[in-house]
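A.B. asks: Residue numbers (UniProt numbering), protein chains in the order written: chain A, 1 to 301; chain B, 1 to 301; chain C, 1 to 301; chain D, 1 to 301.
Simulated from the structure, these hints should not be mistaken for lab results.
All C-beta atoms in this analysis are idealised placements derived from N, C-alpha and C, irrespective of residue type, glycine included.
Some hints could be false.
Said to hold, decoys possible - One-sided and incomplete, this derived list gives chain B residues near chain D with beta-carbon spacing under 10 Å: (1) SER50; (2) GLU94; (3) GLU96; (4) ARG100; (5) ASP101; (6) SER103; (7) HIS117; (8) ASP121; (9) TRP124; (10) GLU148; (11) ALA151; (12) ALA260; (13) ALA271; (14) ASP276; (15) SER279; (16) ALA301.
Said to hold, decoys possible - 25 Å max Cα-Cα, derived DSS-like pairs, lysine-lysine: (17) LYS86/B <-> LYS43/C; (18) LYS114/C <-> LYS43/B; (19) LYS86/C <-> LYS43/B; (20) LYS43/B <-> LYS75/B; (21) LYS166/D <-> LYS178/D; (22) LYS43/A <-> LYS86/D; (23) LYS43/D <-> LYS86/A; (24) LYS75/A <-> LYS43/A; (25) LYS166/B <-> LYS178/B; (26) LYS166/C <-> LYS114/C; (27) LYS114/A <-> LYS43/A; (28) LYS43/D <-> LYS43/A; (29) LYS114/B <-> LYS75/B.
Given next are the chains, with one letter for each unit.
There are 4 protein chains.
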Amino acid sequence: MTITQEAPLQAPSRTPTHNQASLIVHGRDRTGIVAAVGSVLSKHEANIVSLDQYSDNPHGGAFFQRTVFGLDNLKAALPHIDDDLKARLGTGFELEFRLRDLSIPHRVAIFASKADHCLLDLLWRHRRGELPITVAMVISNHPDTAGEVRAFGIPFFHVPSAGPDKSAAEAQHLALLKGNVDFIVLARYMQILSGGFIAEVGVPIINIHHSFLPAFIGAGPYARAKERGVKLVGATAHYVTEDLDEGPIIEQDVVRVSHAHTVADLRRRGADVERDVLSRAVLWHSEDRVIRHENHTIVFA
Amino acid sequence: MTITQEAPLQAPSRTPTHNQASLIVHGRDRTGIVAAVGSVLSKHEANIVSLDQYSDNPHGGAFFQRTVFGLDNLKAALPHIDDDLKARLGTGFELEFRLRDLSIPHRVAIFASKADHCLLDLLWRHRRGELPITVAMVISNHPDTAGEVRAFGIPFFHVPSAGPDKSAAEAQHLALLKGNVDFIVLARYMQILSGGFIAEVGVPIINIHHSFLPAFIGAGPYARAKERGVKLVGATAHYVTEDLDEGPIIEQDVVRVSHAHTVADLRRRGADVERDVLSRAVLWHSEDRVIRHENHTIVFA
Amino acid sequence: MTITQEAPLQAPSRTPTHNQASLIVHGRDRTGIVAAVGSVLSKHEANIVSLDQYSDNPHGGAFFQRTVFGLDNLKAALPHIDDDLKARLGTGFELEFRLRDLSIPHRVAIFASKADHCLLDLLWRHRRGELPITVAMVISNHPDTAGEVRAFGIPFFHVPSAGPDKSAAEAQHLALLKGNVDFIVLARYMQILSGGFIAEVGVPIINIHHSFLPAFIGAGPYARAKERGVKLVGATAHYVTEDLDEGPIIEQDVVRVSHAHTVADLRRRGADVERDVLSRAVLWHSEDRVIRHENHTIVFA
Amino acid sequence: MTITQEAPLQAPSRTPTHNQASLIVHGRDRTGIVAAVGSVLSKHEANIVSLDQYSDNPHGGAFFQRTVFGLDNLKAALPHIDDDLKARLGTGFELEFRLRDLSIPHRVAIFASKADHCLLDLLWRHRRGELPITVAMVISNHPDTAGEVRAFGIPFFHVPSAGPDKSAAEAQHLALLKGNVDFIVLARYMQILSGGFIAEVGVPIINIHHSFLPAFIGAGPYARAKERGVKLVGATAHYVTEDLDEGPIIEQDVVRVSHAHTVADLRRRGADVERDVLSRAVLWHSEDRVIRHENHTIVFA
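Next comes chain A alone, as it looks inside the complex:
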């Protein structure tokens, strides 16, 4: 048996985000962006920890950059740097950028239904210090997981579904969420969100769903995958848009299955993939590693 004396598992996150800030720059590619961003950061003696950059076409395509820098010896406060970036990037380059102090965790609401595998996995990881977020609340259309959620010290709100008219439930959701969360995670939440809700809530929404090769859209996907004899079961995490399950993909993974697996087995193996894929998508989003562009994402993972 293992007796290696490692540091405890509740170790610091990949990017020790205390005293660090991230800068996302995004826009039409052109010569000189890198030097311009670099000169602003250099002027304030920002010590760059990591820098990732991607251009889908250097001749006028889309440009994406993520810079993480330390705040320790910084010669200016973040708002001051923000002003400098605005002056330097906003006018000449017409770039969008966002600057964020990574030591301030994103506030997150998790939506769930009856299935608890994705929900509990996120709460566990959060308690272990794996996710740099604050779980502000869990909202569910079923009361089943209330006890478990509250055992983590996290508020649980039961907002029942009431048939096809979602307006009352969504009004309750908005009352709970507005001003309180920076993004939402649908952890196997089995209700459709209306376009109106998505627009009104105004924060990114991450969803997880099963996925197959080939896809089985609609009811009973696992049963149909079994009929077709698929050899892989997968999951896809994506941003929610009005187009059902068609939003930008953040992360995907699969697991092997065989003819000997029942439909219930496929669903269970699928659940294992779902929780892993969703947790990676939440981690990357909360570390500002994901940039949306058209209907896809740039992930600097």
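With chain A fixed as given, assemble chains B, C and D onto it according to the hints.
C.D. replies: Here is chains B, C and D on its own, set in the frame of chain A:
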């Protein structure tokens, strides 16, 4: 660098198929099948090398069994055992079975177009002794790979496509194939086979195609996968049926990609998966490891 | 977002083990074993649900067989069948076999230390109905996880380690375990078990440990893996023998990492693999899918 | 079957390297590097296509940066930019850098023995346009693959091994290689290279070897892996150093195996992983994506 003295890579196949036979039994599940099959084989002192069995429902579901046994000390010739099995399984149990001397390789025709990755990989594996088949011929609608195929000592036939009417080309195909092959492999063959051809040729046909999560059916799948930002690129090997790309799946696999991959990269990574998946499907089929049932397969790999 | 109406995730296990029994047969291979076993089961009208068999050499090698059959219409009680098998297999064939009613779950003790990822994952899967076991107790050399374990309704015993002399602690372990458990799981238990304890407790012990390509044995494996720049982090579940970490492997898996991952990241990704690999090993062992032979395993998964 | 009309597979490489240059910067991390590099490139109106950067510790750790930029509208020749970088980075920052015109392919020698799987895979990929290299020669201690190599139009040199004294063979190798190649690939070359040779030849050497969890060092690794019942077989590509198989890892991967696989099967599945892993290592090295540092690598893949 490595200096381990291993046996050469051209080592014998997983099932040393010389002096072995396989027996596939398939039908409605009921009590006593195992004992009945076992008693026939035992009577002739067949030494069972491996036995795999699966039932999708023990109460009258479908039953599948693959037995491999040695021919060395067998007390009867295979046709004699075949008769015994017919007497024992055919009447009381209404089972189908097929008995095959594994030392007689399947004869295979490979269909290809311009892309050579799947074709060459099969020919090279065959030469290494990895595939217990005889490659009877390669048929292509393009002349491009003729030289390479013939360098392997394998006949190459160029049968050009001539627009939407495939009847002339398919007549040529049938003339080449009839009586000469036990199964057909479409190694990125970019032409549709007609239902009439599939019925007339009368042997199993294995195809390989790309696959994605979610699926992108129709033209330009890699370009559309890129637009959606997929994180996995896959391939599916399946038996060809009249329903385009909807036949029983034999094998699938995927490889990770990222936003930094171009459409050409996706296609190339996809090609790597395609050749691996297709070679496994061909191996398993040629070792009688795959049983078709309704629209799926049982794979005793 | 997803709205597919699947059956709940707390679905029945892969082998609906109620009213089923498993028969493991194991010994020197020879002609006629399959027929002999089949005839005993057939005599009692056992409906065979699945049958897996493997021989590492049909000419006198080792033979392994796992049969699952239904108890519904059985014409005899299990002890009666056991007697018949003893008469038929024990004398002529010198085979070992074990017959087990799968509806009686194995009783399991889980040993843990401070890290909770494997422990909680097992308890949660058990509550979901994924593992056909009874968790009889959790034993830990640290009190940290007591509250969480007891929240699952499972007894928690704190047996502190007391330096190099383990005899007092192991005596306490034995007092708790003897007669109460069918196997033990070391869920990241960071203490060495003595050879005396392993012999005395007399039940299989499953351990999980990290693993790398190449291996980094001894202290600080993750730090050393980082220094060498490994691209994969893995985990191995194995049976515990007196040879530290050298027992028969049950299951392994890996996850990709990159130079951008810190030692803490490697450890965390490793933890994800550990819990998945351990849960599969526990599932397969509890379903009698694993047969130990010399220093390896046959896994009919 | 598939009828999608994709562009041909012989598509351009991931980074269309014509008219592009790569700049690798490497040294002790400090504030201002990014701005300094950016300002030199910006001054000459270099259009940056991609930029990856990593620091293992922003407070005086090691800094790594890879920039790819277009040469189309460049306002200076590369040597001029090289001078500017030398002036800007060499003195104040004590950084090392290398600038390279990516349209000039690396010249590569491939060393092989009897096994052809890695060798042929590299030659295929090269012919398909997947690898931006020139294969200058193949050197083998066995004549077996001469015909196949020459069919690709590539020189083949047979330099037999002559027992433990490698000095004569290595002198031949050096005579062939000196001045003619930019790096060497050992494609399952089964001879040890002496430290003197490695130093004298003066170019990077990439090797591929099998790898397992746990590692089986020394003779007969596959046989010993089989005895231990491993469930994964892997391969590791690394730079060759004087420490046998202990050089910096470039890439690794694994494939699943089971108890039913023979030693020959493990070796064959291993061969599939080896060729894939080696080809990725060669691709990344030839695109200047790999930076060696101490005993590991930074791979901007």
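A.B. asks: Are the hints correct? Go through all of them and say.
C.D. replies: Results for each hint:
1. SER50: Check passed: Cβ of SER50/B comes within 7 Å of chain D, closer than 10 Å.
2. GLU94: Violated: closest Cβ of chain D sits about 31 Å from GLU94/B, beyond 10 Å.
3. GLU96: For GLU96/B, the interface hint is violated, since the closest Cβ of chain D sits about 25 Å away, which is over 10 Å.
4. ARG100: violated, 20 Å
5. ASP101: Violated, because the Cβ-Cβ distance from ASP101/B to chain D comes to roughly 21 Å (cut-off 10 Å).
6. SER103: violated, 17 Å
7. HIS117: It holds, given that the least Cβ distance between HIS117/B and chain D is near 6 Å, below 10 Å.
8. ASP121: Check passed: Cβ of ASP121/B comes within 9 Å of chain D, closer than 10 Å.
9. TRP124: At 6 Å from the nearest chain D Cβ, TRP124/B passes the 10 Å test, so the hint holds.
10. GLU148: holds, 9 Å
11. ALA151: holds, 6 Å
12. ALA260: Holds, about 7 Å.
13. ALA271: holds, 6 Å
14. ASP276: holds, 7 Å
15. SER279: Constraint on SER279/B satisfied, holds at 8 Å.
16. ALA301: holds, 8 Å
17. LYS86/B <-> LYS43/C: holds, 22 Å
18. LYS114/C <-> LYS43/B: violated, 59 Å
19. LYS86/C <-> LYS43/B: holds, 22 Å
20. LYS43/B <-> LYS75/B: holds, 8 Å
21. LYS166/D <-> LYS178/D: At roughly 17 Å apart (the allowed maximum being 25 Å), LYS178/D and LYS166/D satisfy the hint.
22. LYS43/A <-> LYS86/D: holds, 22 Å
23. LYS43/D <-> LYS86/A: holds, 22 Å
24. LYS75/A <-> LYS43/A: holds, 8 Å
25. LYS166/B <-> LYS178/B: With a Cα-Cα distance of about 17 Å, the restraint between LYS166/B and LYS178/B holds, given a limit of 25 Å.
26. LYS166/C <-> LYS114/C: holds, 18 Å
27. LYS114/A <-> LYS43/A: violated, 53 Å
28. LYS43/D <-> LYS43/A: Since the Cα atoms of LYS43/D and LYS43/A sit roughly 18 Å apart, the hinted pair holds (cutoff 25 Å).
29. LYS114/B <-> LYS75/B: violated, 50 Å
Violation of the numbered hints given earlier is confined to hints 2, 3, 4, 5, 6, 18, 27, 29; the remaining hints are satisfied by the structure.
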